[in-house]
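Chemist: Quick note, the sequences are listed as chains A and B, same order. All residue numbers in the first sequence are consecutive under this note's numbering, ending with 338. All residue numbers in the second sequence are consecutive under this note's numbering, ending with 338.
Since the hints were derived computationally from the structure, they do not count as laboratory data. Be aware that one or more of the hints could be misleading.
Pairs involving identical chains hold if they fit within one copy or between any two copies, as the list cannot separate such chains.
[Stated by the list, open to error] For lysine to aspartate or glutamate, the following DMTMM-like pairs were computed, each having C-alpha atoms within a straight-line distance of at most 20 Å:
(1) K44 / D148
(2) K211 / D59
(3) K44 / E26
(4) K313 / E288
(5) K216 / E317
(6) K89 / E317
(7) K187 / D336
(8) K216 / D59
(9) K142 / E33
(10) K216 / E321
Protein chains: 2
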Amino acid sequence: MPINRQWILKSRPSGMVSTDNLAYRESDMPNTELNDGEVLVRNKIFACMPAMRTWMNADSEYFPPIPLGAPVTAPAVAEVVTSNNPRFKAGTLVSGLTGWEDYSLVSKNNFFISLLPEGIDPLDALTILGGNAITAYFGLLKVGEPKDGETVVVTGAAGSTGSLVCQIAKIKGCRVIGIAGGPEKCKWLLDEANIDAAIDYKSEDVAARLKELCPKGVDVFFDNVGGTIMQDVIDQMAMYGRCVMCGQIAHYNTPGPAPGPRDMFRVISHRLRIQGFISSDFMKDRKEALTDLSAWARAGKLAHQVDMREGFKNLPETYFELFSGGNNGTLLLKVDEA
Amino acid sequence: MPINRQWILKSRPSGMVSTDNLAYRESDMPNTELNDGEVLVRNKIFACMPAMRTWMNADSEYFPPIPLGAPVTAPAVAEVVTSNNPRFKAGTLVSGLTGWEDYSLVSKNNFFISLLPEGIDPLDALTILGGNAITAYFGLLKVGEPKDGETVVVTGAAGSTGSLVCQIAKIKGCRVIGIAGGPEKCKWLLDEANIDAAIDYKSEDVAARLKELCPKGVDVFFDNVGGTIMQDVIDQMAMYGRCVMCGQIAHYNTPGPAPGPRDMFRVISHRLRIQGFISSDFMKDRKEALTDLSAWARAGKLAHQVDMREGFKNLPETYFELFSGGNNGTLLLKVDEA
Chain A
1 MPINRQWILK
11 SRPSGMVSTD
21 NLAYRESDMP
31 NTELNDGEVL
41 VRNKIFACMP
51 AMRTWMNADS
61 EYFPPIPLGA
71 PVTAPAVAEV
81 VTSNNPRFKA
91 GTLVSGLTGW
101 EDYSLVSKNN
111 FFISLLPEGI
121 DPLDALTILG
131 GNAITAYFGL
141 LKVGEPKDGE
151 TVVVTGAAGS
161 TGSLVCQIAK
171 IKGCRVIGIA
181 GGPEKCKWLL
191 DEANIDAAID
201 YKSEDVAARL
211 KELCPKGVDV
221 FFDNVGGTIM
231 QDVIDQMAMY
241 GRCVMCGQIA
251 HYNTPGPAPG
261 PRDMFRVISH
271 RLRIQGFISS
281 DFMKDRKEAL
291 TDLSAWARAG
301 KLAHQVDMRE
311 GFKNLPETYF
321 ELFSGGNNGT
331 LLLKVDEA
Chain B
1 MPINRQWILK
11 SRPSGMVSTD
21 NLAYRESDMP
31 NTELNDGEVL
41 VRNKIFACMP
51 AMRTWMNADS
61 EYFPPIPLGA
71 PVTAPAVAEV
81 VTSNNPRFKA
91 GTLVSGLTGW
101 EDYSLVSKNN
111 FFISLLPEGI
121 DPLDALTILG
131 GNAITAYFGL
141 LKVGEPKDGE
151 TVVVTGAAGS
161 TGSLVCQIAK
171 IKGCRVIGIA
181 GGPEKCKWLL
191 DEANIDAAID
201 YKSEDVAARL
211 KELCPKGVDV
221 FFDNVGGTIM
231 QDVIDQMAMY
241 GRCVMCGQIA
251 HYNTPGPAPG
261 PRDMFRVISH
271 RLRIQGFISS
281 DFMKDRKEAL
291 TDLSAWARAG
301 KLAHQVDMRE
311 GFKNLPETYF
321 ELFSGGNNGT
331 LLLKVDEA
């Protein structure tokens, strides 16, 4: 019987997640005698996503906490090994949330997985047509409601979600300013994602640069980061500005809460709207999102960086790079043979 | 020629506004030879409104700052003395923004004033049909969007705007919890405004009481106050909760900015919407608001406390009571004869 390598959550991190919180384990492959509706899949590629860190907390608020002793929940592309579910035939590819292990048993009541549509590159299912892309699409368009000619500022702009927000905003006729860490990421944003300006938060004064670049203020702010950079952008919002709160990567590894805007009176005087969202709220419109994203991708309008790593054993160290900014674009890991 | 008593803004307050920032002056009545469109009015009743404090700042953001040396801008009911404007005949009553003086010259380009509709009690124009009522109506209904059965929390709940928010929320079928200072105000809210629960922030632990009273969270939060009480309520918001940011009275007399929510990650995980508004944004729907408010008032559904003071000379001291909570309901001042 094949072994099932697993990275399990051993203890809940209180600050920065580290190898201390995870344990490597070799288990038996799950039983192949499946109950009604069950599917056994073999994970091929994992996507490393910042929000997974919040699922490691006991009080994970919008998603069931990962149980202690269970593999870390993660987005993946996987192949169906055996199936007792007519929707999923053996040999087909699926994408969705599984776990850090070779084999995952997916039950009817389990996390959402879906068939990879025919003709779709499995990589696309974790990048330009992945959860990150759906998040970018719904967050920007349904929550941010950008209008032609408006100024859009994006944090984590070179990242998996942010880079797509930038480009969708350009497609919608906006002026786009991206905030990212380091000259390489900024160069990619200007040269490949074709945005209008980039701010390197590691070497520049974000507040001062925003004032220069947006003298009339920011109309839509898409935030993946939180912290003082978020506060700097909110200070620069224009009248009737919309702040789309998508992520708080600056705080996921910090115990204690993540402070909000510095000046609530400005929120009133400028009629700002600050709104949190999670892409699953918009799932009824998923088809619309995928249709648009596919069309834009085919038209060459969605540049994307894939930072592909390899080796199951390297999953934790690879994942941690999200928090030091060591990745360039969507951070994926290809599972090697056991 | 009659004298024109005035309270003018002598200097811009940096913290709590005090008599040092104001000066009493006796001027001549403005020239009665009016330019085209001008109206000379005699102020009869002034309303004391917290936001006036923000107009005293040099950087008053959503409203022209009161010029140094000019009378303090204030909502008033006034009588037309002479008019070169066909809309306003001598002897009729108007309401709108004038200034702390006996006589105000209102030009076409000046602040908004409007005729008091026939049959309307002048007091109503500053209370249940005043700017406070319009603010309550639009803020709660257009920004907060309460649904039947939802839980609504209001700060400054016994005040001019807050007390109407409470009662409109009750009319819309909501469960209403008011936060106010002192047992008298809480008693009025329970007995006269018929809300479901009141929290006395001066003697009770607001966060703990909110947890008790709203175990399933707060759906709509209408905030007039800001500060730690605002933070306590936002911490208790339910999924998809809406926070209507109307005022920040706790901060108007404090130099420096007014901090926002404690935990922005909760804003995301709970999909909260935090939105600033100013009632003038909704003025195209003013008629709808006044029709509904009048009907509710006639049906006895809008209890209102009027705290009527007297004497032009007492304007500053009366106004300052807003910030110590010395008023009970809408704070008005009747102008005596010079």
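Chemist: Decide, hint by hint, whether the structure agrees.
Modeler: Results for each hint:
no.	hint	in the structure
1	K44 / D148	neither (40 Å within a copy, 48 Å between copies)
2	K211 / D59	between (38 Å within a copy, 17 Å between copies)
3	K44 / E26	within (17 Å within a copy, 85 Å between copies)
4	K313 / E288	neither (37 Å within a copy, 65 Å between copies)
5	K216 / E317	neither (42 Å within a copy, 39 Å between copies)
6	K89 / E317	neither (34 Å within a copy, 80 Å between copies)
7	K187 / D336	neither (32 Å within a copy, 70 Å between copies)
8	K216 / D59	between (40 Å within a copy, 16 Å between copies)
9	K142 / E33	neither (43 Å within a copy, 55 Å between copies)
10	K216 / E321	neither (36 Å within a copy, 38 Å between copies)
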